[in-house]
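1 is the number of the first residue of the sequence shown in this note's numbering; add one for each residue after it.
Worth double-checking, as some hints may not be accurate.
[What the hints assert, rightly or not] Using C-beta positions, here's what the derived DEER-type ranges look like:
hint	residue 1	residue 2	range
1	Ile106	Glu9	41 to 49 Å
2	Leu6	His78	36 to 44 Å
3	Asp33	His78	15 to 23 Å
4	Asp63	Asp123	47 to 55 Å
5	Arg43	Thr105	38 to 46 Å
6	Pro13	Arg60	28 to 36 Å
7	Cys99	Thr11	37 to 45 Å
8	Arg43	Ala64	21 to 29 Å
9	Phe40	Ile106	31 to 39 Å
10	Gln46	Leu6	24 to 32 Å
11	Asp19	Ala100	36 to 44 Å
Note that these hints are calculated values from the structure, not bench results. Beta carbons: idealized from backbone N, C-alpha and C, even for Gly.
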Amino acid sequence: AFLSPLLPEQTLPEVARADLKDAVLLLKCLGVDDVGSFEFVTRPAQEALELALEELYALRALDAEARVVEPLGPRLAHGPLPLALMKLLLLAAEPQFACAAEAATICAMLTLRDPWLPSQNADRLAAC
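Sequences and hints are given; from them, build the entire structure.
In structure tokens form, the structure reads like this:
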């Protein structure tokens, strides 16, 4: 009660705060052509949907008509990583690049919240 003037009465819905690329690509893969008319529980801003579509086009997951590009789009949508890292890993596994092990290490480090060992384990860190 003493903080009530400082705190908002309600927080913004997750869909208003989150990056929509993953959700938009998954909807597209599920056959929702017009994500702008999809009935979200809480409607995201039109600008956020447009930005997600632009970023998916930049990742080459969607074509110029906002259709899913096969096979990259579905592979990105169903991967366990954020889309940019998923694309890095998929490209790294292709024969012309052949650096999947290095890319997997980079993806693992970027997805951890704190990849460093605590200072009490400095001897383990030095052994690496």
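>> Flag every earlier hint the structure violates by its number, smallest first.
In response: 11
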